[in-house]
Amino acid sequence: MSRVVLVTGVSRYLGTRLAATLAEDPTVSRVIGVDTVPPPPAAAKALGRTEFVRADIRNPLIAKVIAQASVDTVVHMNVIATPLGAGGRTAMKEINVIGTMQLLAACQKAPSMRKLVVKSTTAIYGSSPRDPALFTEDVEPRSLPKSGYAKDAVEVEGYVRGFGRRRPDVTLSLLRFTNFIGPSIETPLTRYFSLPVVPTVLGFDPRIQLCHEDDGIEVLRRATVEEHPGIFNVGGHGIVLLSQGVRRLGRPSFPVPSPLVNVVARAFRSAGLVDFSPEQMRYLEHGRVADVSRLHAELGWGPRPTAEAFDDFAATRAGSRLLTDEDAEALEQRALALVSRVLPRGLTPTGALRG
Amino acid sequence: MAEPRTDPSGFAKVIPLAADRRGPVPVPEPEEPAAPASELEKKIATGLAFLRRRLTGDYEVDDFGFDPDLTDHVLLPPLRPLYDKWFRVETRGLENVPDVGGALVVANHSGTIPVDAVMTALALLDHHPAHRHLRMLGADLVFRMPVVAPIARKSGSTLACNADAERLMREGELVGVWPEGFKGIGKPFSERYKLQRFGRGGFVSAALRTGVPIIPCSIVGAEEIYPMIGNAKTLARLLGLPYAPITPTFPLLGPLGAVPLPSKWIIEFGEPIETASLGAAAADDPMLVFNLTDEVRETIQSTLYTLLMQRRSVFF
Chain A
59 MSRVVLVTGV SRYLGTRLAA TLAEDPTVSR VIGVDTVPPP PAAAKALGRT
109 EFVRADIRNP LIAKVIAQAS VDTVVHMNVI ATPLGAGGRT AMKEINVIGT
159 MQLLAACQKA PSMRKLVVKS TTAIYGSSPR DPALFTEDVE PRSLPKSGYA
209 KDAVEVEGYV RGFGRRRPDV TLSLLRFTNF IGPSIETPLT RYFSLPVVPT
259 VLGFDPRIQL CHEDDGIEVL RRATVEEHPG IFNVGGHGIV LLSQGVRRLG
309 RPSFPVPSPL VNVVARAFRS AGLVDFSPEQ MRYLEHGRVA DVSRLHAELG
359 WGPRPTAEAF DDFAATRAGS RLLTDEDAEA LEQRALALVS RVLPRGLTPT
409 GALRG
Chain B
54 MAEPRTDPSG FAKVIPLAAD RRGPVPVPEP EEPAAPASEL EKKIATGLAF
104 LRRRLTGDYE VDDFGFDPDL TDHVLLPPLR PLYDKWFRVE TRGLENVPDV
154 GGALVVANHS GTIPVDAVMT ALALLDHHPA HRHLRMLGAD LVFRMPVVAP
204 IARKSGSTLA CNADAERLMR EGELVGVWPE GFKGIGKPFS ERYKLQRFGR
254 GGFVSAALRT GVPIIPCSIV GAEEIYPMIG NAKTLARLLG LPYAPITPTF
304 PLLGPLGAVP LPSKWIIEFG EPIETASLGA AAADDPMLVF NLTDEVRETI
354 QSTLYTLLMQ RRSVFF
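Listed in order, the protein sequences are those of chains A and B.
Take the first sequence: its position 349, counted from the start at 1, is 407 in this note's numbering, and no numbers get skipped.
Take the second sequence: its position 67, counted from the start at 1, is 120 in this note's numbering, and no numbers get skipped.
To be clear, the hints were calculated from the coordinates, so they are not data collected in a lab.
Note that the coordinates shown come from a computational prediction; the quantities given were computed from them, not determined experimentally.
In silico lysine-lysine, DSBU-like type, Cα no more than 35 Å apart, as pairs:
1. B/K286 x A/K204
2. A/K151 x A/K103
3. B/K138 x B/K247
4. B/K247 x B/K236
5. B/K236 x A/K204
6. A/K204 x A/K151
Modelling step: build the complete structure from the supplied sequences, incorporating the hints.
Set out below in structure tokens:
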């Protein structure tokens with residue numbers, strides 16, 4: 059079966075990588091990438107036979123593209139997380155919510171449509187101390203996100219569900235990704251972990267679950283070329299505690315008392331260092347872990363464990379480590395040698411007994 | 054050089070020489086100082102290895118945030134003297150707790166701060182033949198408080214909700230629950246050893262759904278550690294706490310008031326109540342759940358009275 063796949067948000071990192079992967083797949087006859095800006099020159103080369111259409115999904119023009127190419131599969135990856143990248147919170151909301159509405163309206167009209175894959179986020183579950191340790195796909199979150207990216211994602215999912223009701227013939231895969239990490243991807247979280255001193259919230263140590271970028275692309279690819287209808291949390295098994303992650307990076311952390319957190323966060327935002335929104339600050343307090351067993355069972359495979367994904371990322375940041383594993387081991391050996399030299403043999407407990 | 058070693062006739066003379074020659078070459082430095090490793094040295098070595106693991110983040114944490122490395126090496130050791138010397142905890146019926154597989158320990162709650170939960174966990178880790186970690190279920194307040202929240206998660210606690218309890222028990226963990234909650238732990242001293250309402254029976258339905266046995270656990274002694282003779286309600290409301298305790302020593306003696314009274318403790322694990330034969334569907338039968346909840350409550354209450362009769366005095 060030949061496929062015509064349309065990928066939205068193709069000029070951003072994950073969109074480019076997915077389009078490039080799909081372009082190499084012989085079962086996919088055409089890959090059409092849509093975005094408001096052309097992909098960066100380096101990415102354009104990787105895109106291969108992907109056709110790029112410069113269009114705004116907020117514009118009804120997108121319907122024409124879908125109809126003319128008789129697109130049968132749409133991969134919607136244009137829900138963006140960072141207001142800075144979009145040019146402000148208002149523009150971000152426009153792109154996320156209005157863009158999704160327009161895109162889904164166009165999809166609903168297109169008779170050729172067979173499949174819709176949506177990249178969503180586990181951020182829709184929120185972060186609170188009153189939630190179960192692991193979110194399953196059908197859990198009712200105690201506190202719905204009230205702002206930012208997570209709220210957009212909740213609204214996007216609402217429209218996607220509506221679309222699913224109106225077009226039951228279309229296979230719908232809703233993928234809720236945990237935070238991405240990896241050697242090349244840039245997200246607020248990777249920038250945060252790249253800070254020379256990592257600020258944390260005093261008295262909290264959130265559990266963090268991650269998805270390796272390569273595995274995330276593979277999940278998106280399989281959802282596109284195979285049949286996996288349903289809602290899935292996407293991420294690796296297991297967690298890394300924030301403190302543990304910071305130590306694996308060999309970096310110092312700087313605990314900020316929670317009343318000051320917002321001030322510090324604003325300072326970081328205006329300095330252009332890390333774009334953390336208030337709901338992400340709650341994430342730094344309470345963390346969030348999703349149950350990914352449904353995806354792993356469905357695919358018979360799944361993203362690598364969180365700890366492995368994190369170590370892969372940490373390896374690329376190894377240059378700036380203050381304390382490497384080897385240093386720590388050497389220190390331990392030196393301390394041991396010192397101990398055995400300093401301890402007077404006759405006074406050690408066993409020695410005393412023997413003597 | 055090789056000849057004398059294979060020559061059986063020169064056995065006694067040659068071997069020590071050869072050993073001297075070969076010995077120092079492959080294992081010189083580490084072997085020499087480590088050879089007379091004393092207890093103290095071993096302790097320092099494990100301590101250093103622990104420090105290195107912590108500094109490089111080289112340890113495992115489960116999905117709930119449970120960090121056994123930290124719990125066993127840092128969180129629990131300072132509590133052992135409290136367990137052994139201060140409260141002189143006596144455990145009974147440890148054989149009622151299974152060696153493997155999921156089980157739900159249900160206990161009475163008292164003592165103003167949840168020392169009883171920690172002592173129960175220590176009893177099962179140190180004195181149960183299988184040295185089991187008790188995964189405690191705590192109120193959401195615990196996970197909202199800075200400093201307390203991460204320690205609670207790292208010591209194996211998680212939020213008291215059916216999803217978490219069932220997940221843990223399905224994974225074969227030993228789960229501990231104190232269904233009286235704040236009503237039990239924050240009750241005035243005059244109501245000591247009078248069990249409060251056992252929540253809404255959520256713990257029973259969790260056990261039914263996972264088919265694990267319920268083990269009633271009765272704790273005597275925790276009521277007297279901080280006898281709560283008053284409750285500063287206005288202050289509690291201000292701080293967002295369920296109660297603000299006033300004891301004979303706190304806040305009168307300041308930080309000294311935080312020292313618990315050295316009551317004598319008994320922790321008794323009762324006969325397990327089997328739930329597997331009732332089936333998971335029984336969890337949706339409210340009448341059955343209420344009855345089972347009452348049964349557990351009555352068992353603990355009557356065991357408490359028996360233990361109190363046997364106790365010679367509060368402190369001995």
